[in-house]
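Protein chains: 2
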Amino acid sequence: MLVISACTFSVSALAAKPIVHDGEYYFVEAQYRDQWAAQDKTIDKKLAQLREANGGQRPNILYVLIDDVSFGQMGKPALNDVMGISTPRINDFARQGMSLNRMYTEPSCTPTRAALLTGRHPVRTGIKEVKVALVGEGLASNEVTIAEVLKKAGYNTAHIGKWHQGDIEEAFPHNQGFDYAAFPAHQQVQLALMSPESAKANNMLGWWHGTQNGEMALDMKFKPSGLVTGLEARSGGLAREVDLKPGEVWTQAHYERMNERYQRQTLEQLGDLAGKDEPFFLQYWPLYPLNFVHNGEAQSRNGGFMADKLEVLDAWFGEILDEVDKLGIADNTLVVFMADNGLMYHYEGTSGMSQLIYRGGKTNHLEGGVRVDAYARWPGAIAEDSKAADIVHVSDLFTTFARIAQADKYIPRDRVIDGVDQTALLLEGEKNGRRDWVYIYENEILKSIVKQEWKMHLPTPGMPAAAAGVYNIYRDPREQHPLIGHSLWSGASFQDMAKRHGMTIAKYPHNKLGKGKPYEGIENLRPESLETVETFMSWH
Amino acid sequence: MLVISACTFSVSALAAKPIVHDGEYYFVEAQYRDQWAAQDKTIDKKLAQLREANGGQRPNILYVLIDDVSFGQMGKPALNDVMGISTPRINDFARQGMSLNRMYTEPSCTPTRAALLTGRHPVRTGIKEVKVALVGEGLASNEVTIAEVLKKAGYNTAHIGKWHQGDIEEAFPHNQGFDYAAFPAHQQVQLALMSPESAKANNMLGWWHGTQNGEMALDMKFKPSGLVTGLEARSGGLAREVDLKPGEVWTQAHYERMNERYQRQTLEQLGDLAGKDEPFFLQYWPLYPLNFVHNGEAQSRNGGFMADKLEVLDAWFGEILDEVDKLGIADNTLVVFMADNGLMYHYEGTSGMSQLIYRGGKTNHLEGGVRVDAYARWPGAIAEDSKAADIVHVSDLFTTFARIAQADKYIPRDRVIDGVDQTALLLEGEKNGRRDWVYIYENEILKSIVKQEWKMHLPTPGMPAAAAGVYNIYRDPREQHPLIGHSLWSGASFQDMAKRHGMTIAKYPHNKLGKGKPYEGIENLRPESLETVETFMSWH
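Respectively, the protein sequence lines represent chains A and B. Here the UniProt record's numbering is used: position 16 in the first sequence is 16, and no number is missing along the way. Here the UniProt record's numbering is used: position 265 in the second sequence is 265, and no number is missing along the way.
Bound conformation, chain A alone:
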């Protein structure tokens, strides 16, 4: 009988079980249980009214994720002027909805994207930053992505642009819930730095053979080569490389064409998806503003090679918004626009991008690594020209998108979901957020805990806990003045938070990263890619 009962374990039975959250959530929820339950009823009514107003249709979700741009660099006119750039379309968009002024991400591309996709801190999925060369790893097939959740609930799904979740077949977007995907197999180190033009622009000197004679080298595979470039695929099908012919050299021109293609494909997908009966979930994750070659014709006052592309991107985002208008779907589309982590500060100066308010950038647990510009627009649902100082973590979008799409019953109940439902914040406004904390990892190491305006940089192994710096990030946004004296009261509270988090992990151990042979499921591998895979497999 028990076995039969297990076999008939149905979606509705799943729905009856609550989502499993991190310990910290329960600690806070216990203080607001009745209030939140009552508010949830209001929210459900509002969502029903919104559907009613849109012919019974649930909203489309368009999610635009920008690469490596720090808080303040997009959508804030005064800070445009600080940098000598101009992002008028993003600025306008920001005013049409809610500015999420305390959006936290993970500190790097792969982890942030994994957190959005799974609603989980990447450490739980085994995901770390995916390196540029072959790794034979990626997002495991048993992770449940937001695309899978929404697809189960009847959404059409598509992904265009950067993906960066690994080079194995199971990790590819069309195998992770997206009906259609156009994406590069890797990331911009390959696509924007590993080119002859970039070498001539003084980047990664010595990587390109033309800038190094290499006459004492034996290993010709030490420098990554033969990598797959752009792929396209449909769910259940094989992927096809579309950018490079056998023997062809990847250049800056290829990179620019690839970027233009993703923009064009996003517009095309938008048209296709808007024409269907079901609502859609469309992800556009551009590769710009990452760019390392100045083409000699300044776009922006700033003129840096990333700053210029940020202006290009602004116009492109405008084009997309215009298309949304033209298609008549603006009113029933939630558009979320944000960056994935702080700037690539290794190129400060020439890139034109710099640390602004927060210290640090990509790869750092400092605020500069994990605080980004984020805006959400949904006319009639989210108040125009509003803002929220509530803490939000990128994983919250997983849970919130699912709730808004009436898909929350498809969120798995057998694992921890870090994403908190922030629908109340979007619909009811500032001070209706349901999180006042964030755990910040660098790969598998928990580096910081944020609670309200305090942030503890956790002690490194062997360091006495009392020496751990606590920062008040309202008063010290650059995290330069540890308040050892002022915050002695907080040590135990932070330790308790670490414990609650650790106990949750003990109860729900981490998943394993997906492993496999790189590039399986690509139907037209070039000979040089086949050779690269073979060399890779020689020691696996």
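Calculated from the structure, these hints are not laboratory results. Just so you know, these numbers come straight off a predicted model, no measurement behind them. Don't take each hint at face value.
A pair holds if it fits inside one copy or across any two, identical chains being indistinguishable in the list.
As the list claims (entries may be wrong) - Listed next, the in silico SDA-like pairs over lysine to any residue satisfying Cα-Cα at most 20 angstroms (straight line): (1) Lys431 to Arg301; (2) Lys499 to Arg415; (3) Lys128 to Ile445; (4) Lys200 to His486.
Let chain A serve as the given structure and place chain B on it in line with the hints.
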């Protein structure tokens, strides 16, 4: 005949002579002469139309100058959230007019205020930072202030709040063109730090006798004491101290009452001035947010003792705007709201204010010292919700106010006026500014030159000019990465700028600071103040 001619030197003869500018102005003007001359005709027509629309009346000018607040800390909602403060009234006001996103001031209170008052770099007037104790110095009577210029043109004038232009009679505001003035004789070191409460709050430990027994001290005048507090006066009359009785101790309560009084007096003046036939020039220079005592009841999320007062100030500024509306003068009043220099970063942490985007603060030539939030509202004249990335220097307001008030003919022609007329920028919008440079002094030392997005930290004595750091402040707002290599082309250009400035000084030598006996012209000096003056005079 020559003598007679000199004697009959009239206002209209004065007007025929052009204003004397710094060499750099002429260098730029030569490139735009015809364009600017043509635009000036358009501007004159626009100003005439504006007067016509307001019954022939020239606009009132309300100038609110805030003390020691860095760029980004007022009027920018996203940055409110960064700091955990809320300045809704300033934010709203900012949207009603133009954000001057590249407003430069001098790096400290006295110099910035002197630059506004005279339209000249303070070095030309002999003005440096005025210290807290007696100095027997101040703004010379032969300097011509904006109040004198506007008064000659028929404006009624009033000054309320911080003044900080010296402790001698000729330097007091009622002797510098203001019909009415209510102002403290000194500044907030006396008013907000030299109190028993501030000592108990761990500030200036040892100054207050209760926190130091001083039993080996002979000199009881080493610590400033017996200073005059708040004064009130009318033009041509004597000043009267209004806050303290003989023998009374100055406390935090006195400071708070003084602040409240200035706010009240500003509202009163506004009512009085609005009731008159002539237009008015009203300056309100609050003492808040400077404050060093936390009263135990947090106002802001930030909670710092200055952050809290910034929120108080926001509400007060709102009250003033409401009064402007109530009086029905909003449409014909140019309101300019800005800070005088960067934050007092010596109190980062406990004050709640911190360096945000720019490095440094009060006293520094770094952008953090001289870049401030600045907003100008003039309905019908300045476009709503506009911004300008053009460089503006605080001295430009002198010239611009005069132009707008049809008072430019009263600007003296016998001295250098650094202030550039920025009326075109206000009326015609961004990219109509007439300055792309700023000279930055720390007291009498020229420390930096800004031109467009480049800034040279001038070589210190003995340093080879080629070692002087040039910074691109769009790409490196914190001035941390000198572009020695990238900017070698600019060395000669910056040297030429320094030369043009130096040649102007050679032709028009600096004026002398006013000197005199402190506190003359005060009718009710307390015995302790009399004694303090006597001791001061013992070595003069």
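Index of numbered hints that the structure contradicts, given in increasing order: Structure breaks no hint.
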